[in-house]
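Enquirer: Here the protein sequences line up with chains U and F, keeping their order.
Quick note on numbering: the first sequence equals residues 1 to 152 in the UniProt record's numbering.
Quick note on numbering: the second sequence equals residues 1 to 262 in the UniProt record's numbering.
Take these hints with a grain of salt, some might be off.
Label-pair restraints from in silico Cβ distances [what the hints assert, rightly or not]:
(1) ALA87/U / LEU33/F: 37 to 47 Å
(2) GLY41/U / LEU33/F: 50 to 60 Å
(3) ALA123/F / ALA27/U: 32 to 42 Å
(4) ALA125/U / GLU126/F: 21 to 31 Å
(5) ALA53/F / GLY69/U: 35 to 45 Å
(6) ALA123/F / GLY69/U: 52 to 62 Å
Derived by calculation from the structure, the hints in this document are not laboratory data.
Please read these numbers as outputs of a predicted model, since none were measured by experiment.
Virtual Cβ for every residue (Gly too), placed ideally from N, Cα, C.
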Amino acid sequence: MRPALPVLTIALLAGCSGETTSRLATAVEITGDEITAPLLGLQGDAARGEAAFAEREQGHCVLCHAVEGLDAEFQGNVGPALTGVGARLSEGQIRLRIADIQPLWPDTLMPSYYRTGGLNQVAPAYAGEPALSAQQIEDLVAYLGQLDGEST
Amino acid sequence: MKAGLALLSAFCLTACGDVVADTKSPPAQPQPLQSGYEFLQPQTQALQDDDFANPGFLWIDRGEALFSTATASGSACSECHTDASLPLAGAAAHYPKIDAESGDLINLEGRINLCRTRHQNEAAFEYESDELLSLTAYVAYLSRGTPISVDIEGAAADWYARGRDYFETRRGQFNLSCTQCHDDNWGKKLRGDTISQGHGTGFPAYRLEWQSLGSLHRRLRDCDAGVRAEPRPYGSDDYLAVELYLAKRAEGLEIETPGVRR
Numbered sequence: 001m002r003p004a005l006p007v008l009t010i011a012l013l014a015g016c017s018g019e020t021t022s023r024l025a026t027a028v029e030i031t032g033d034e035i036t037a038p039l040l041g042l043q044g045d046a047a048r049g050e051a052a053f054a055e056r057e058q059g060h061c062v063l064c065h066a067v068e069g070l071d072a073e074f075q076g077n078v079g080p081a082l083t084g085v086g087a088r089l090s091e092g093q094i095r096l097r098i099a100d101i102q103p104l105w106p107d108t109l110m111p112s113y114y115r116t117g118g119l120n121q122v123a124p125a126y127a128g129e130p131a132l133s134a135q136q137i138e139d140l141v142a143y144l145g146q147l148d149g150e151s152t
Numbered sequence: 001m002k003a004g005l006a007l008l009s010a011f012c013l014t015a016c017g018d019v020v021a022d023t024k025s026p027p028a029q030p031q032p033l034q035s036g037y038e039f040l041q042p043q044t045q046a047l048q049d050d051d052f053a054n055p056g057f058l059w060i061d062r063g064e065a066l067f068s069t070a071t072a073s074g075s076a077c078s079e080c081h082t083d084a085s086l087p088l089a090g091a092a093a094h095y096p097k098i099d100a101e102s103g104d105l106i107n108l109e110g111r112i113n114l115c116r117t118r119h120q121n122e123a124a125f126e127y128e129s130d131e132l133l134s135l136t137a138y139v140a141y142l143s144r145g146t147p148i149s150v151d152i153e154g155a156a157a158d159w160y161a162r163g164r165d166y167f168e169t170r171r172g173q174f175n176l177s178c179t180q181c182h183d184d185n186w187g188k189k190l191r192g193d194t195i196s197q198g199h200g201t202g203f204p205a206y207r208l209e210w211q212s213l214g215s216l217h218r219r220l221r222d223c224d225a226g227v228r229a230e231p232r233p234y235g236s237d238d239y240l241a242v243e244l245y246l247a248k249r250a251e252g253l254e255i256e257t258p259g260v261r262r
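Chain U on its own, in the form it takes in the complex (with noise of 0.2 Å):
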């Protein structure tokens, strides 16, 4: 489009000059690609985070991705299947991605689910809010984190 270029610098100075928190819901301290502190200082339960993970009301996650062993039907294959992701990533790091995976990876599928800000025409009710909350990306982290491949 038009004014392409002055506009794109603009924004590289200002996107990279340290505000990188200012479009999550809450102000979150991101270490390289971790999340080291839990979101609010919350702690997560693993039961509720599969339940997070796998209701259509919640994160739906199943939409996309796919867990061996898990009771839901018809899991998506979208996104890579995270059997056995608390072995490859730290709970820092899924956390990260279930927050804003988007700066990770500019063109990817996976929502950001703690994002607020930057958005473009949001419907009115969701706008503002997060698609999930601080306490069910909490439970989700703990979910994911366990599944290690030797619990389940």
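Got chain U sorted already, so can you dock chain F onto it with the hints?
Expert: Then chain F, alone, in the frame of chain U:
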């Protein structure tokens, strides 16, 4: 997988602005080009294939009847459109197009409504009304098997660019663009659905989920709502523009109205 520096630079790239859309060049046509029909379950395909079982024919039959019924204040469509004069076979394959009189882009629904207001002295039908769906489906059905071919030159060029821009722009709480699903991930499973290439060639189509026939704009509203974006109104300029972009992108595929979809 992708670590360290690459990761950091990717970070800067997205934090810093959206990819700039190229709206001039021909559409990135998925290859091989495949209708949504190819991605259906065999039993859904069978429903579309059988003209007696295909529920879309309820609307086509009503459309055919409306087509040859004189309106209170005017004439029947069939008085102007016969096999000899202004025949409609194949016509739907060239929509949306620019209306010479107004200079606006119109789709088939819009064209039918212009005939209502200009030639029949009647009020336009509402979008998704049974009458407009039936007539649109009937007229589209008269082009079943005709390959899509639309004009994107002249006054249509800006519309085409606008449609492409809409198709490539991320939107909604999930921040996804049409391209990401229908150009980059077709063939993959989104829960019970297989993502198709996102062509409009079956519309108006009967969707099992709707338990009804519906327009292409209704389908677009569902896709927008799916990413938690505010859908555009029926008949809006954005959706007309997308419809033109989709038609160009589908060029070579045949009209298959009435399609049956999940």
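Enquirer: Hint by hint, note whether the structure agrees.
Expert: Consistency of the hints with the structure:
Take ALA87/U and LEU33/F: their Cβ atoms lie about 41 Å apart, and the range 37 to 47 Å holds. At roughly 52 Å, the beta carbons of GLY41/U and LEU33/F sit within the given window of 50 to 60 Å. About 55 Å separates the C-beta atoms of ALA123/F and ALA27/U, a value inconsistent with the hinted range of 32 to 42 Å. A hinted range of 21 to 31 Å for the beta carbons of ALA125/U and GLU126/F is consistent with their spacing of about 25 Å.
Against the hinted window of 35 to 45 Å, the Cβ-Cβ separation of ALA53/F and GLY69/U comes to about 39 Å, which satisfies the hint. Against the hinted window of 52 to 62 Å, the Cβ-Cβ separation of ALA123/F and GLY69/U comes to about 59 Å, which satisfies the hint.
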